[in-house]
Amino acid sequence: MSITYLEAIREAQSHALRDDPRVFIYGQDIGAFGGAFKATKNLARDFPGRVLDAPISEDAMVGMAVGAAIEGLRPIIEMQFADFSVVGFNQIVNQAATLFWRTNVPCPITIRLPFGGTEGGGPFHSQSIEAIYAHYPGLIVLTPATVEDAYSMLLEAVAIDDPVIFCEHKFLYYHLKADALPSEALPIGKARIAREGRDLTVVAYSAMVHEALAAAAELSAEGWEIEVVDLRSVKPLDTDTIMASVARTGRLLCVGESWPWGGVTAEIIARVASEGFGLLDVPPQRLNARDTPVPYHPNLWMAHRPTARAIAASARKILRR
Amino acid sequence: MLHTVLDTPPVGETKAARDQTLAAYRLMLTARLLDDKYAALYRGGKIHGGVFLGRGQEALSVAIGISLKKTDIFAPLIRDAAGRLAFGETVVDAIRTYLGSALGPMRGRDGNVHRGRPLEGYLPMVSHLGAMISVVNGTLFARRLKGVSGTVGATCLGDGATSTGAFHEALNQAAVEKLPLVLVVADNQYAYSTPTSRQFVCEDLADKASGYGVAAHSVDGTDLVACLKTAGEAVARARSGEGPQLIVARLLRLCGHGEHDDSHYIDPKLKTSPLGRDCLKVAEEFLLRQQWADSATLDGWRTEVVREIEDAVAQVRREPAPDPYDEKWQAISSRHLIELHDEDSGS
Ligand SMILES: Cc1ncc(C[n+]2csc(CCOP(=O)(O)OP(=O)(O)O)c2C)c(N)n1
Numbered sequence: 003m004s005i006t007y008l009e010a011i012r013e014a015q016s017h018a019l020r021d022d023p024r025v026f027i028y029g030q031d032i033g034a035f036g037g038a039f040k041a042t043k044n045l046a047r048d049f050p051g052r053v054l055d056a057p058i059s060e061d062a063m064v065g066m067a068v069g070a071a072i073e074g075l076r077p078i079i080e081m082q083f084a085d086f087s088v089v090g091f092n093q094i095v096n097q098a099a100t101l102f103w104r105t106n107v108p109c110p111i112t113i114r115l116p117f118g119g120t121e122g123g124g125p126f127h128s129q130s131i132e133a134i135y136a137h138y139p140g141l142i143v144l145t146p147a148t149v150e151d152a153y154s155m156l157l158e159a160v161a162i163d164d165p166v167i168f169c170e171h172k173f174l175y176y177h178l179k180a181d182a183l184p185s186e187a188l189p190i191g192k193a194r195i196a197r198e199g200r201d202l203t204v205v206a207y208s209a210m211v212h213e214a215l216a217a218a219a220e221l222s223a224e225g226w227e228i229e230v231v232d233l234r235s236v237k238p239l240d241t242d243t244i245m246a247s248v249a250r251t252g253r254l255l256c257v258g259e260s261w262p263w264g265g266v267t268a269e270i271i272a273r274v275a276s277e278g279f280g281l282l283d284v285p286p287q288r289l290n291a292r293d294t295p296v297p298y299h300p301n302l303w304m305a306h307r308p309t310a311r312a313i314a315a316s317a318r319k320i321l322r323r
Numbered sequence: 010m011l012h013t014v015l016d017t018p019p020v021g022e023t024k025a026a027r028d029q030t031l032a033a034y035r036l037m038l039t040a041r042l043l044d045d046k047y048a049a050l051y052r053g054g055k056i057h058g059g060v061f062l063g064r065g066q067e068a069l070s071v072a073i074g075i076s077l078k079k080t081d082i083f084a085p086l087i088r089d090a091a092g093r094l095a096f097g098e099t100v101v102d103a104i105r106t107y108l109g110s111a112l113g114p115m116r117g118r119d120g121n122v123h124r125g126r127p128l129e130g131y132l133p134m135v136s137h138l139g140a141m142i143s144v145v146n147g148t149l150f151a152r153r154l155k156g157v158s159g160t161v162g163a164t165c166l167g168d169g170a171t172s173t174g175a176f177h178e179a180l181n182q183a184a185v186e187k188l189p190l191v192l193v194v195a196d197n198q199y200a201y202s203t204p205t206s207r208q209f210v211c212e213d214l215a216d217k218a219s220g221y222g223v224a225a226h227s228v229d230g231t232d233l234v235a236c237l238k239t240a241g242e243a244v245a246r247a248r249s250g251e252g253p254q255l256i257v258a259r260l261l262r263l264c265g266h267g268e269h270d271d272s273h274y275i276d277p278k279l280k281t282s283p284l285g286r287d288c289l290k291v292a293e294e295f296l297l298r299q300q301w302a303d304s305a306t307l308d309g310w311r312t313e314v315v316r317e318i319e320d321a322v323a324q325v326r327r328e329p330a331p332d333p334y335d336e337k338w339q340a341i342s343s344r345h346l347i348e349l350h351d352e353d354s355g356s
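Just so you know, the protein sequences line up as chains H and V, in that order.
So for the first sequence, this note's numbering puts the first residue at 3; every next one is plus one.
So for the second sequence, this note's numbering puts the first residue at 10; every next one is plus one.
Isolated chain H, as found in the complex (with noise of 0.2 Å):
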């Protein structure tokens, strides 16, 4: 049996409501359509009143979770595309992140974003916009970059009792494929060594992730050791991993697919300098998307994101130092 990342979403959700008579799924298309990824094929069948079409109204949506989050329901809302998730930007970032801290009362709700660049999807298909949540205080917010970890968090997601932005790549989403679904999990907050090597550090998250291991593998042939990190969860981040593995290596690199200004590789050099620059070499380094909106075209779109070309040749001149 094989199992892709796209898949072990849907199980996810078909678990969390199977278990929790409190779960319920909102968004456009997803009812008797299962959603334009398919990521909740069949749950509307399976669970009649469950899974329910929304309006294309993505401020209500987010609205109405936070309502029946108050009244004691663990709502699922699935945004089209991570993309239209700033048109409920408000309902998630003012009433969802601080309904806890104002009131004492929690707000349990996994808002999934399907985010990151595919070829052709262009400036408004294609974002990566993990660092606008994880920014606001009172969110959760997690990237997973593995079958495994796609299933176990979003049924985590779904049980703690904070707002979650869940965080799924479309790139994963058929490229990714397990064994099996995992029987035990790492914990949301911990790190994971993907990959174990001496001479560099490099972290990544979700799809860098891979483009990272890849890297890595072309830098194996010369004769390098690339320690990989995956992060899981940008927020919270697991910074005692990630200090740990530069305390081993020396070096670090930061990959992120999205924009650099003010984003997580930068939190993360922001922390290890400041907490633990006595652990570097070098000068730590950090490799983003352009600094443009994501283009259409192939070829401008493969030279915006980091590839693993890109992350061996940043690589290459950290290790030369």
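Among the hints, erroneous ones may be present.
As the list claims (entries may be wrong) - Dumping the calculated DSS-like pairs for lysine-lysine here, alpha-carbon to alpha-carbon at most 30 Å:
no.	chain 1	residue 1	chain 2	residue 2
1	V	280	H	43
2	H	179	H	40
3	H	40	V	155
4	V	55	H	40
5	V	46	V	278
6	V	217	H	43
7	V	337	H	40
8	V	337	H	319
9	V	217	V	278
10	V	278	H	179
Hints listed in this document are in silico derivations from the structure and should not be mistaken for laboratory results.
Since the structure of chain H is already known, use the hints to place chain V with the ligand on it.
Chain V with the ligand alone, transformed into the frame defined by chain H:
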């Protein structure tokens, strides 16, 4: 106001109506054949990303495009190949955007239906539904401030997009400012897979207008003649200072949401209902019945248009693709404010 048939016009107006209808038909035909070509290119793996067609919506789309002047503002949406051509877009520009040519208006940076030439009043849609209406409002407001009179701004929308907050905010805004906005809603029964029953419960979307103090027009979107009459009248009323006009056309989307979608969910009863009529066939039958054209002429047009499209595709496929090494990776226009990053930061 409900226009479904054209009352027999006085003889003097007949020629104008006839010329306009024939011109509109030819644009509809071009849009349909262009859509067919995109579909073929998509199936052949020649187009990156999605393909979104306007089959079944050409009559409505062309009617609004042809009713505008070149100095007006037009912000079409995903199913407006016909309206775009009517407003003056060339077949070559349309194909360039789908194929990502570096010579197209979007230079490969944006693609498919996300195209326009803002300085020519042709606004490039963003994907976010409802977001263009207030931008049209802004152009109209600015023209008023600048002392330019007589402009009309039109924009198009689907039934699903009327559920966005942006739609309601912008319609109200246009009413408060009494702007010459014509908002054209294609109520094509589905938003992707979602039937209108999960989108709104009012009898007719045109009912939404009265709450904002906006004039409403309902029309049969499968009937070119009715669409031309309604769009022409709404544009004229907006131009004469009567404020925003909402047009709601009922019809059926005769294709998938995009070419990736087989639209299996469309109710077969709708397909055989009057809503499911193909507006291109309806228009053709009308022209033949009126003896405004004979079938040999229409066949000749089809041959000409097919050739025009094939030539354009051949030309565009020889054009350069965008080159990442020549590309200016800068998103702001104030050159003195462009930040220079370390090259490892990706910029
Ligand atoms: C704010 C926003 N949310 C979601 C989407 C995704 N989306 C693209 S088209 C579409 C359906 C649009 O339906 P409708 O407005 O009826 O137009 P039609 O496709 O029928 O022409 C959806 C949900 C979007 N583009 N913008």
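Okay, the hints, checked on the actual structure:
1. V:280 <-> H:43: holds, 25 Å
2. H:179 <-> H:40: Holds. Residue 179 (chain H) to residue 40 (chain H) sits at ~16 Å (cutoff 30 Å).
3. H:40 <-> V:155: Judged against 30 Å, a Cα distance of about 50 Å means the pair is violated.
4. V:55 <-> H:40: holds, 25 Å
5. V:46 <-> V:278: holds, 28 Å
6. V:217 <-> H:43: Violated - the C-alpha atoms of residue 43 (chain H) and residue 217 (chain V) are around 34 Å apart, more than 30 Å.
7. V:337 <-> H:40: violated, 37 Å
8. V:337 <-> H:319: holds, 24 Å
9. V:217 <-> V:278: Roughly 27 Å separates the two Cα atoms, so the pair holds.
10. V:278 <-> H:179: Cα-Cα ~40 Å, so violated.
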